[in-house]
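From first to last, the protein sequence lines are chains A and B.
If you count the first sequence from 1, you need to add 212 to reach the numbering used here.
If you count the second sequence from 1, you need to add 212 to reach the numbering used here.
For the record, the hints were derived by calculation from the structure and aren't laboratory data.
Hints are not guaranteed to be accurate.
Identical copies carry no separate label here, and so any pair may be met within one copy or between two of them.
Calculated pairs, DSS-like style, for lysine-lysine (alpha carbon to alpha carbon, straight line, at most 25 Å) [unchecked claim]:
hint : residue 1 : residue 2
1    : Lys233    : Lys323
2    : Lys222    : Lys323
3    : Lys307    : Lys375
4    : Lys323    : Lys225
5    : Lys341    : Lys293
6    : Lys293    : Lys233
7    : Lys307    : Lys293
8    : Lys293    : Lys315
If you're wondering where the values come from, they're calculated on a predicted model, not measured in any experiment.
Protein chains: 2
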Amino acid sequence: MKRLEDKILKDGKIGEGNVLKVDSFVNHQIDVNFMCEVGREFYRLFQNEKIDKILTIEASGIGIACLTAQYFHVPVLFAKKTQTCNIFGDVYRSKVESFTHQKTYDIIVSKSFLHPGDRVLIIDDFLAKGNALLGLLDLIHAAGARAVGAGIVIEKAFQDGGKRVRDTGLRVESLARIKSMSVENGITFM
Amino acid sequence: MKRLEDKILKDGKIGEGNVLKVDSFVNHQIDVNFMCEVGREFYRLFQNEKIDKILTIEASGIGIACLTAQYFHVPVLFAKKTQTCNIFGDVYRSKVESFTHQKTYDIIVSKSFLHPGDRVLIIDDFLAKGNALLGLLDLIHAAGARAVGAGIVIEKAFQDGGKRVRDTGLRVESLARIKSMSVENGITFM
Numbered sequence: 213m214k215r216l217e218d219k220i221l222k223d224g225k226i227g228e229g230n231v232l233k234v235d236s237f238v239n240h241q242i243d244v245n246f247m248c249e250v251g252r253e254f255y256r257l258f259q260n261e262k263i264d265k266i267l268t269i270e271a272s273g274i275g276i277a278c279l280t281a282q283y284f285h286v287p288v289l290f291a292k293k294t295q296t297c298n299i300f301g302d303v304y305r306s307k308v309e310s311f312t313h314q315k316t317y318d319i320i321v322s323k324s325f326l327h328p329g330d331r332v333l334i335i336d337d338f339l340a341k342g343n344a345l346l347g348l349l350d351l352i353h354a355a356g357a358r359a360v361g362a363g364i365v366i367e368k369a370f371q372d373g374g375k376r377v378r379d380t381g382l383r384v385e386s387l388a389r390i391k392s393m394s395v396e397n398g399i400t401f402m
Numbered sequence: 213m214k215r216l217e218d219k220i221l222k223d224g225k226i227g228e229g230n231v232l233k234v235d236s237f238v239n240h241q242i243d244v245n246f247m248c249e250v251g252r253e254f255y256r257l258f259q260n261e262k263i264d265k266i267l268t269i270e271a272s273g274i275g276i277a278c279l280t281a282q283y284f285h286v287p288v289l290f291a292k293k294t295q296t297c298n299i300f301g302d303v304y305r306s307k308v309e310s311f312t313h314q315k316t317y318d319i320i321v322s323k324s325f326l327h328p329g330d331r332v333l334i335i336d337d338f339l340a341k342g343n344a345l346l347g348l349l350d351l352i353h354a355a356g357a358r359a360v361g362a363g364i365v366i367e368k369a370f371q372d373g374g375k376r377v378r379d380t381g382l383r384v385e386s387l388a389r390i391k392s393m394s395v396e397n398g399i400t401f402m
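The shape of chain A in the complex, shown without the other chains (with noise of 0.2 Å):
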């Protein structure tokens, strides 16, 4: 998506530790007239598909995943990295290694909201290591329901994130995948 690579350029950071800074429009300011037309984009991509819930992982993908899911008409299901005191009852639980974080935490889902035969579109704004999807697809799985595809804000290409979530046989769609980025050199796409 071309308008997001130049937004990525035009906005984006590169911090310590090759960690990439959006958090002017996606991930702690969100640029909500623009994650229309990314959400546009991914309804564009995935409106073939039979799409019963949008999945994600708060908190940065909560925006993103409600942007997205009035385009399909469909609630969003946000999996949440503790228990709370106000989810009552059975979870479906995963373990999710954070690199941004750099801690493991628990993600977990009600077993009221992802029933058996659910089509499950999940969106998240980053793709790196791929930890977060890969734990949101054990969600999916144990609940027997069936990921249609992942649509994806921005994934680091030159992490193995997005060949381990690939090689599971899930659709991937990332609308900017960078290739490389260092404050050097800046960032490049695929």
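We have chain A; now place chain B onto it with these hints.
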């Protein structure tokens, strides 16, 4: 908002400790079609205010804030609950005591995204004791920005948060105001 009250009566559940469980459409699964209606209602209420930005708090405020912001054509900024390594630079910080999670946490926003003179609308899913809202007001005031109002989906009007926040002079618009709730007698509205 009558449609919201009806939905709370139909889909809400009261759990132990007087927790209102609306995780089927508000804060775990999100009924995006319905939350677009909620967003349009916030737009109707605040459309005559000049608004530069919508501020919310992760995680469950984000979806509602984004679906609302698209009608105002403004960005969303969400306060984060812990400092993570992909926010650089200076932040505004406040402390919030959580009723639901029974702990105190820091909320932060990057100084890059709240500026003196910004006119900010706060959007959140719940108003109970008012701590989250007062914490967000702290951040806005620390930036020299101005809070023009708060749009709340569900106010527990039997708790004192609404009074505490309105006593600061802030205009608070809650779409459903719960007068009482109990497992025995169900939910009544103001």
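Evaluated hints:
1. Lys233 to Lys323: between (34 Å within a copy, 15 Å between copies)
2. Lys222 to Lys323: between (42 Å within a copy, 20 Å between copies)
3. Lys307 to Lys375: within (20 Å within a copy, 41 Å between copies)
4. Lys323 to Lys225: between (39 Å within a copy, 16 Å between copies)
5. Lys341 to Lys293: both (18 Å within a copy, 24 Å between copies)
6. Lys293 to Lys233: This pair counts as both: shortest intra-copy Cα distance 22 Å, inter-copy 18 Å.
7. Lys307 to Lys293: Classified as both: same-chain Cα gap 9 Å, cross-chain 21 Å, threshold 25 Å.
8. Lys293 to Lys315: both (12 Å within a copy, 16 Å between copies)
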